[in-house]
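Read off the chains here:
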Amino acid sequence: MADNVIEARGLLKLYGSQRAVDAIDLDIHRGEIFGLLGPNGAGKTTTILMMLGLTEISGGTVEVLGFNPVREPLEVKRRVGYLPDSVGFYDHMTARENLLYTARLLAIPRSQAGRRIMEALESVKLADVADKRVATFSRGMRQRLGIAEIVMKQAEVAILDEPTSGLDPHATFELLEMIRGLKKAGVAVLLSSHLLDRVQSVCDRVALFNKGKIALMGSVVQLANQVLGAGHPFLVEAEGADVAAALRGVEGVQTVVPEGEGAWRVMADRDVRAAAAERIVSTGGSLTRLADLQPSLEEVYTRYFQEARHAA
Amino acid sequence: MPRSAARRAGSPFTGLGPVFMKELSDHLSSIRMLVLTLFVIVFGALPVGFALQDLRNVVVSDPYLFLRIFTVTPERVGLSFILALNFIIPLMAIGLGFDSVNSEFNRRTLSRVLSQPIYRDALLLGKFLGGLTTLAVALVALWLIVLGSGLLLLGLPPRGVEVARGVGFLIVAIAYGGVWLAVAMLFSVIFRSTATSALCALGLWLFFFILWPMIASAITIGFAPAQVTSIDQYVAIQELGLALQRLSPGTLFSEAVVGLLNPETRTLGFMLPQQMRGAIPEAPLPLDQSLILIWPQLTGLVAGMIVVFAVAYIVFQREEVRA
Numbered sequence: 000m001a002d003n004v005i006e007a008r009g010l011l012k013l014y015g016s017q018r019a020v021d022a023i024d025l026d027i028h029r030g031e032i033f034g035l036l037g038p039n040g041a042g043k044t045t046t047i048l049m050m051l052g053l054t055e056i057s058g059g060t061v062e063v064l065g066f067n068p069v070r071e072p073l074e075v076k077r078r079v080g081y082l083p084d085s086v087g088f089y090d091h092m093t094a095r096e097n098l099l100y101t102a103r104l105l106a107i108p109r110s111q112a113g114r115r116i117m118e119a120l121e122s123v124k125l126a127d128v129a130d131k132r133v134a135t136f137s138r139g140m141r142q143r144l145g146i147a148e149i150v151m152k153q154a155e156v157a158i159l160d161e162p163t164s165g166l167d168p169h170a171t172f173e174l175l176e177m178i179r180g181l182k183k184a185g186v187a188v189l190l191s192s193h194l195l196d197r198v199q200s201v202c203d204r205v206a207l208f209n210k211g212k213i214a215l216m217g218s219v220v221q222l223a224n225q226v227l228g229a230g231h232p233f234l235v236e237a238e239g240a241d242v243a244a245a246l247r248g249v250e251g252v253q254t255v256v257p258e259g260e261g262a263w264r265v266m267a268d269r270d271v272r273a274a275a276a277e278r279i280v281s282t283g284g285s286l287t288r289l290a291d292l293q294p295s296l297e298e299v300y301t302r303y304f305q306e307a308r309h310a311a
Numbered sequence: 000m001p002r003s004a005a006r007r008a009g010s011p012f013t014g015l016g017p018v019f020m021k022e023l024s025d026h027l028s029s030i031r032m033l034v035l036t037l038f039v040i041v042f043g044a045l046p047v048g049f050a051l052q053d054l055r056n057v058v059v060s061d062p063y064l065f066l067r068i069f070t071v072t073p074e075r076v077g078l079s080f081i082l083a084l085n086f087i088i089p090l091m092a093i094g095l096g097f098d099s100v101n102s103e104f105n106r107r108t109l110s111r112v113l114s115q116p117i118y119r120d121a122l123l124l125g126k127f128l129g130g131l132t133t134l135a136v137a138l139v140a141l142w143l144i145v146l147g148s149g150l151l152l153l154g155l156p157p158r159g160v161e162v163a164r165g166v167g168f169l170i171v172a173i174a175y176g177g178v179w180l181a182v183a184m185l186f187s188v189i190f191r192s193t194a195t196s197a198l199c200a201l202g203l204w205l206f207f208f209i210l211w212p213m214i215a216s217a218i219t220i221g222f223a224p225a226q227v228t229s230i231d232q233y234v235a236i237q238e239l240g241l242a243l244q245r246l247s248p249g250t251l252f253s254e255a256v257v258g259l260l261n262p263e264t265r266t267l268g269f270m271l272p273q274q275m276r277g278a279i280p281e282a283p284l285p286l287d288q289s290l291i292l293i294w295p296q297l298t299g300l301v302a303g304m305i306v307v308f309a310v311a312y313i314v315f316q317r318e319e320v321r322a
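If you read the protein sequences in the order shown, they are chains A and B.
In terms of numbering that gives the first Met the number 0, the first sequence has 292 at position 293, counting the first letter as 1, and numbering is strictly consecutive.
In terms of numbering that gives the first Met the number 0, the second sequence has 172 at position 173, counting the first letter as 1, and numbering is strictly consecutive.
These are computed hints drawn from the structure, not numbers from a lab.
Be careful, since some hints might not be right.
What the hints assert, rightly or not - Listing some non-contacts, in silico: residues in chain A with all C-beta distances to chain B over 10 Å:
{"no.": "1", "residue": "15"}
{"no.": "2", "residue": "16"}
{"no.": "3", "residue": "18"}
{"no.": "4", "residue": "31"}
{"no.": "5", "residue": "90"}
{"no.": "6", "residue": "113"}
{"no.": "7", "residue": "145"}
{"no.": "8", "residue": "228"}
{"no.": "9", "residue": "253"}
{"no.": "10", "residue": "259"}
{"no.": "11", "residue": "281"}
{"no.": "12", "residue": "287"}
Unchecked claim - Chain A regions said to be covered by chain B (calculated; three or more residues, Cβ under 8 Å):
{"no.": "13", "stretch": "50-62"}
{"no.": "14", "stretch": "69-81"}
{"no.": "15", "stretch": "99-111"}
The beta carbon of each residue, even a glycine, is placed where N, CA and C say it ideally should be.
Based on the provided sequences and hints, a complete structural model is requested.
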């Protein structure tokens, strides 16, 4: 099994004649954060449910930690933590009671359960509300309680379905920190999302889903090179001289595209920002902004789907 | 398909204990349970109270006086305790079961719970057993209250055989509740909306309670020949009518209960006068004979409970967990 915690080969899910998941191959390595990205309805959740044995597999195979989720779902579910899309807890019970129920389902010995629950609640900063009813919890707190459940479970793999959807920026930031914390603890994390910029910051590798297929897979930089082409894009804002002409004269610059009033988007084959600045100033222009453009997943995504549509 | 060849590893009952304990504690501490208990006590106390008043005035010696508390129809209310139970028990069972699965779905706890190492089998069975135990606790409590008030107001203890018949009645009542609990859970598996499932379960209950007797007799009349020419024909028609009536769990319950609590009952079916020849009227049957008499009814109730639960189980296995 080498270092893969999840291995899918030709994984297929049919709903009638519709191919919800269309023969995908996927490897998740130990200790990485892997993002499943794509629009709603692209097959992300279905893929996750098949990995957990919660829905039937129409074809292909998937192995989670060496177990087959169809035949040995209990072994898989004992070792994998799952945070469903907009997770629910029993409202009439406290956070501690909810986790205690899970602990009993996991057959964690009574002597350990209390300590493990408190540690888990502390790790997601919910220890002070451990005895409050979950009905009073905000959405962000519920998501954190879901993470606490995975921590308590001491899962080897955490599968998070849209963990940040519907959260405010601060709650999102906190949750992403906790996901990084899981990785630090040696847990492999598989998360799905349609919110790209948030995911970009935590994921080691991503897979872009489109209509049940994996369109692209790799690290964010790899994907950017693949879709946007290799190069160093940057943004220039300047006044005065003929900036576009000046920029075109810089060695290494490939394209200069105007982006609104007094702004240009430059693509170069290497980092030529210093030379570009010098050239603009020397031609009498006044430089107001010079920004390196990191390849963003959003851009990759948008560009990819535009091209996919054009191709179709 | 790989799944047809696949065999699941691990016991289907893994996690049954925690689910059962949680359901039981949820039920026992819920406000709904309190309301149902109050409802049962009011409905049970009314006939029992009046029955006891009537029975205190009885002068003839009756060896089964204690059992009459359950069966006697008091003059002032026109409702015996067993008749009251006949329609309270389904209501309780429906109240406990109508939202057992779909509420987990609506609270979005289902996929989280099922991602723990348990099979759906354990979840459904745990919920059913939790509900059934709650129902049993309520019925035993009610039974003890009736017994206790009988002791106090009649001033005489029940004989052993009366207690034994009473315990038999309790078992029949729990089985009857189990049928309706399974029905309520079936609807809770089928319908995502708790209101729809409650409505369907209550609708079915009303159907069996009010409409079915009429429909059954209408069907019987429809099948009957215009002119009944022989005694065999007459018996056949009567038996058809009875068989149809017995499709309703309420009929099975009341027959079994009458057989147990009225020891004089010799048959639950149709009997011609000549078949009664030689029988001593009003003579009670021994307990074992009464048990043989009601055995088919009890079996029918338990079988009905298992069949309905099995259907709910099959539907639940096929259900998608995602919203």
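Is the Cβ of residue 145 of chain A more than 10 Å away from each Cβ in chain B? Its Cβ does come within 10 Å of chain B, the nearest being 7 Å, so this is violated.
Non-interface claim for residue 228 of chain A, where every Cβ of chain B lies beyond 10 Å: holds (38 Å)
Residue 31 of chain A non-interfacial with respect to chain B [C-beta, more than 10 Å]: holds (21 Å)
Check of the stretch 99-111 of chain A against chain B for coverage (Cβ-Cβ below 8 Å, three residues minimum): holds (count 6)
Confirm or reject: residue 16 of chain A is not an interface residue toward chain B, with every Cβ-Cβ distance exceeding 10 Å. holds (16 Å)
Assertion that residue 15 of chain A lies outside the chain B interface [Cβ separation over 10 Å]: Given a closest Cβ separation of 13 Å, the condition holds.
Residue 253 of chain A and chain B, when compared Cβ to Cβ, separated by more than 10 Å: holds (46 Å)
Under 8 Å between beta-carbons, do enough residues of the stretch 50-62 of chain A, three at least, approach chain B for the coverage claim to hold? holds (count 8)
Was residue 281 of chain A rightly flagged as not at the interface, with every chain B Cβ beyond 10 Å? holds (61 Å)
Examine each Cβ of chain B, and state whether all of them lie more than 10 Å from the Cβ of residue 90 of chain A. violated (7 Å)
Hey, does residue 287 of chain A actually stay past 10 Å from chain B on C-beta? holds (49 Å)
Tell me if chain B covers the stretch 69-81 of chain A under the three-residue, 8 Å CB rule, please? Three-residue rule met by the stretch 69-81 of chain A, so holds; n is 11.
Checked against the numbered hints given earlier, the structure breaks hints 5 and 7 and satisfies all the rest.
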